[in-house]
Amino acid sequence: MKQIIKLGILLMIFSGTAAGLLVKAYDITNPYIIKEREKAEQDALKIVFPNASLFEKKEKQDIMYYEAKDAGGNIAGYVLNIKASGYSGLILFMAGIDLNGDLTGIKILSNSETPGLGANITKPWFCDQFKDKHVDTIKVVKQKDDKNILAITGATISSRAITDNIKKTVQEFYEKGIF
Amino acid sequence: MKKEFFKGIFKENPSFCLLLGLCPTLAVTTSVVNAIGMGSAVLFVLVWSNIFISLLRNVIPSQIRIPCFVIVIAAFVTIVDLSMKAFFPALSRQLGIFIPLIVVNCVILGRAEAFACRKSVLLSMIDALGMGIGVTCALSLIAGIRELLGKGMLIFILAPGAFITMGCLLAVINKVKKLKIQSCGKHKCTGVCS
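Protein chains in written order, with this note's numbering: chain S, 1 to 179; chain V, 1 to 194.
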């Protein structure tokens with residue numbers, strides 16, 4: 001009995017010391033982690049809408065989106081957060097769209113697609129294909145041409161998931177009258 | 001001392017000879033960058049956990065040594081995880097869950113149990129350095145082969161490719177070892193180099 005209490009107390013001292021150390025480590029790293037997260041968000045917004053100089057977070061009918069404004073403060077377009085179910089799990093990404101309905105860019109925020117295949121949706125060559133294409137006309141193809149979106153070899157499902165969900169989400173926004 | 005350092009890289013390489021910690025070895029070796037990132041994280045945790053466990057080896061009662069080892073290891077893994085998120089966010093996203101999972105990596109618990117809790121601090125640190133570098137080299141080798149072959153054959157990037165690469169490498173290493181033992185026999189070797 002005495003032995004058990006002694007061991008218990010010793011284990012408690014060990015755990016307590018470790019916990020104390022971790023609190024310190026958390027305090028040191030947390031500001032950087034928050035800063036990194038905010039920077040990642042701002043960077044993503046700039047990538048999907050390069051022409052805008054200011055982004056304003058908006059919420060309407062439970063949908064979160066950003067208004068992209070030009071230097072004069074006029075609305076130049078919108079940035080949407082889009083969810084797509086890919087080959088394995090959810091793909092979260094941002095897409096920018098101007099007032100004509102042309103896409104200004106997309107950026108993948110998180111995905112759990114197959115490394116080396118579907119995970120290539122994060123590569124610039126794939127994302128850049130969406131630039132300056134009208135949202136109604138984007139289509140995934142397997143042979144390269146300038147008008148359409150070239151699918152990633154071996155990852156057509158991931159490529160389609162993104163393209164289809166851009167269309168679907170923009171459609172929803174039109175229907176709810178946000179645009 | 002030299003022996004303790006180099007045994008982790010060659011004779012007792014954790015990935016190829018002891019066959020410990022194979023889960024991350026197979027899972028994150030899709031690119032060399034990932035492999036080096038993972039290897040460095042393991043190296044860091046291994047060195048610090050070995051140092052601390054060796055320091056505390058006379059304080060920790062043998063009945064509760066495993067929970068104590070796990071607390072020490074988990075603390076350092078959490079520190080690595082937080083620092084990676086703060087300073088190398090891209091790498092942290094790539095390695096994902098496998099950084100927190102270093103807690104249950106058998107290499108680290110294995111070295112704590114087999115080495116650090118019996119030997120001096122300096123020897124434990126050298127052992128950890130050798131083992132950590134051994135893991136990093138092994139991961140980089142597997143990842144290099146997979147990344148290179150994966151450009152032409154998709155299978156090598158996928159999970160089966162990890163098993164095929166690992167299997168072939170182990171076959172080659174075992175063959176080399178066998179040849180070495182045979183050649184030793186001719187020279188009336190005492191078997192130290194087996």
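There may be inaccurate statements among the hints.
As the list claims (entries may be wrong) - Estimated spans, in silico, between C-beta atoms of each pair:
#	chain 1	residue 1	chain 2	residue 2	range
1	S	Val141	V	Gln182	35 to 45 Å
2	V	Pro100	S	Thr17	14 to 24 Å
3	V	Pro100	S	Lys39	17 to 27 Å
4	V	Cys23	S	Tyr32	28 to 38 Å
To be verified - Below, simulated DMTMM-like cross-link-like pairs (lysine to aspartate or glutamate); rule was C-alpha separation at most 20 Å, straight line:
#	chain 1	residue 1	chain 2	residue 2
5	V	Lys85	S	Glu36
6	S	Lys35	V	Glu113
7	V	Lys85	S	Asp43
8	S	Lys131	S	Glu175
Stated by the list, open to error - Residues from chain S shown here face chain V by an in silico Cβ test under 10 Å; the list is partial:
#	residue
9	Ile5
10	Thr114
11	Thr153
12	Thr156
Hints in this document: simulated from the structure, not taken from any laboratory.
Positions of the beta carbon are idealized from the N, C-alpha and C atoms, including for glycine.
Hints, one by one, checked against the model:
Under the hint 35 to 45 Å, the C-beta atoms of Val141(S) and Gln182(V), about 59 Å apart, miss the expected range. Distance hint for Pro100(V) and Thr17(S): a CB-CB separation of about 21 Å, consistent with the stated range 14 to 24 Å. Distance hint check: the CB atoms of Pro100(V) and Lys39(S) are about 23 Å apart, consistent with the given range 17 to 27 Å. For Cys23(V) paired with Tyr32(S), a C-beta distance near 29 Å keeps the hint of 28 to 38 Å intact.
Proposed proximity of Lys85(V) and Glu36(S) is supported: the alpha carbons are some 8 Å apart, at most 20 Å. For the hint pairing Lys35(S) with Glu113(V), the CA-to-CA distance comes to about 39 Å; that exceeds 20 Å, so the pair is violated. The hinted pair formed by Lys85(V) and Asp43(S) meets the criterion: a straight-line CA distance of about 17 Å does not exceed 20 Å. Of the supplied pair hints, the one linking Lys131(S) and Glu175(S) is violated, its CA atoms being roughly 24 Å apart against a limit of 20 Å.
Taking 10 Å as the C-beta contact cut-off toward chain V, the hint placing Ile5(S) at the interface is violated, the least distance being around 12 Å. The interface hint given for Thr114(S) holds, since its Cβ lies 7 Å from the closest Cβ of chain V, which is under the 10 Å cut-off. The beta carbon of Thr153(S) is positioned within 10 Å of a beta carbon in chain V (closest approach about 8 Å), and the interface hint is therefore held. Nearest Cβ of chain V to the Cβ of Thr156(S): about 13 Å, over the 10 Å cut. The hint is violated.
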